[in-house]
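Visitor: Sequence:
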Amino acid sequence: MSGVSESLRILHLSDTHLYGDGRLHYGVVDTLAALDRVLARAASLASVDVIVASGDLSDDGSIESYRLLSERLEPWAAERGADLVYAMGNHDLVGNFEGVLGGAERSITVDGVRIITVDSTVPGTAYGMVDGERLRRLSDELAEPAPRGTVVVLHHPPVPPTTGLFERLQFVDPAPFLEVCAAADVRLILAGHYHHALITSAGPSRIPVVVAPAVANTTDVLSPAGHERAVRGSGFALVQVPAAGPIRAHIVTAPAADDGHTVYDLDEDAIERIADESGWPGHAG
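Every letter in the sequence shown is one number past the one before it in full-length UniProt numbering, and letter 96, counting from 1, is 96.
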């Protein structure tokens with residue numbers, strides 16, 4: 001990109017859950033059609049500098065699913081001169097992800113803003129963690145400040161979840177990660193995973209955190225006690241990072257006729273079974 005814009009504009013997508021063979025998500029949602037609808041909704045944006053896709057980009061982990069994503073996003077980004085940033089999610093398979101989309105942990109600088117992807121996945125599980133070598137790499141990368149600060153992208157939000165299922169699938173012990181970010185020039189954390197929009201802050205320096213709505217479906221944060229429900233619905237976040245001053249974030253939906261229809265409704269037994277299968281370390285079962 002040429003020149004430096006007053007404010008870096010990020011189109012933040014997450015949780016596309018694509019399949020290589022055209023299957024429907026939960027037997028209900030055509031996630032490729034949902035992605036097309038989201039991109040059509042975003043097409044009227046005057047400018048986009050970066051497209052961030054923050055994990056669970058595939059549901060089956062297949063090479064073809066990542067190719068489908070690339071075939072949609074790369075031309076869309078190229079038409080607008082935008083950079084593309086992909087992060088790993090717990091449904092993604094690192095070998096196929098990297099074979100099509102590039103490295104799972106990378107750093108680019110756009111208009112003076114550094115964007116770092118961190119792999120928060122734990123192989124074979126659905127919860128998140130950033131420790132050991134990953135934390136050291138992040139600390140090393142952040143040792144030198146960027147001209148206009150840093151945005152960190154990862155799948156698992158380093159903030160508490162809203163619903164019972166994601167309590168079992170959350171970021172385990174995010175404090176060390178947040179301390180590393182607070183000690184550096186991190187201005188913003190972008191995440192996904194929860195399948196609903198959330199704008200909050202985290203860590204000792206209260207770094208802004210934007211969790212994008214999912215493309216695949218929407219978590220019902222008003223599900224009855226003991227239930228975890230998701231409904232049809234897709235969206236994205238539009239995030240602006242100014243040269244100075246506060247971050248601005250807007251949540252945008254991509255409406256469809258069947259929005260609000262149930263995709264799944266899990267009872268407590270099903271939630272506990274998923275927690276057990278996910279290997280969540282806090283699960284007592």
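Certain hints may be false.
As the list claims (entries may be wrong) - Derived Cβ-Cβ restraints for the label pairs, each shown as a range: (1) 256 - 179: 24 to 32 Å; (2) 252 - 6: 15 to 23 Å; (3) 201 - 6: 33 to 41 Å; (4) 276 - 30: 45 to 53 Å; (5) 252 - 200: 16 to 24 Å.
Everything labelled a hint here was simulated from the structure, so no lab data went into it. Even glycine gets a Cβ: it sits at the ideal position worked out from N, Cα and C.
Visitor: Against each hint, give a clear statement of whether it holds in the structure.
Guide: Each hint tested on the structure:
{"no.": "1", "hint": "256 - 179: 24 to 32 Å", "in the structure": "violated (41 Å)"}
{"no.": "2", "hint": "252 - 6: 15 to 23 Å", "in the structure": "holds (21 Å)"}
{"no.": "3", "hint": "201 - 6: 33 to 41 Å", "in the structure": "violated (23 Å)"}
{"no.": "4", "hint": "276 - 30: 45 to 53 Å", "in the structure": "violated (30 Å)"}
{"no.": "5", "hint": "252 - 200: 16 to 24 Å", "in the structure": "holds (18 Å)"}
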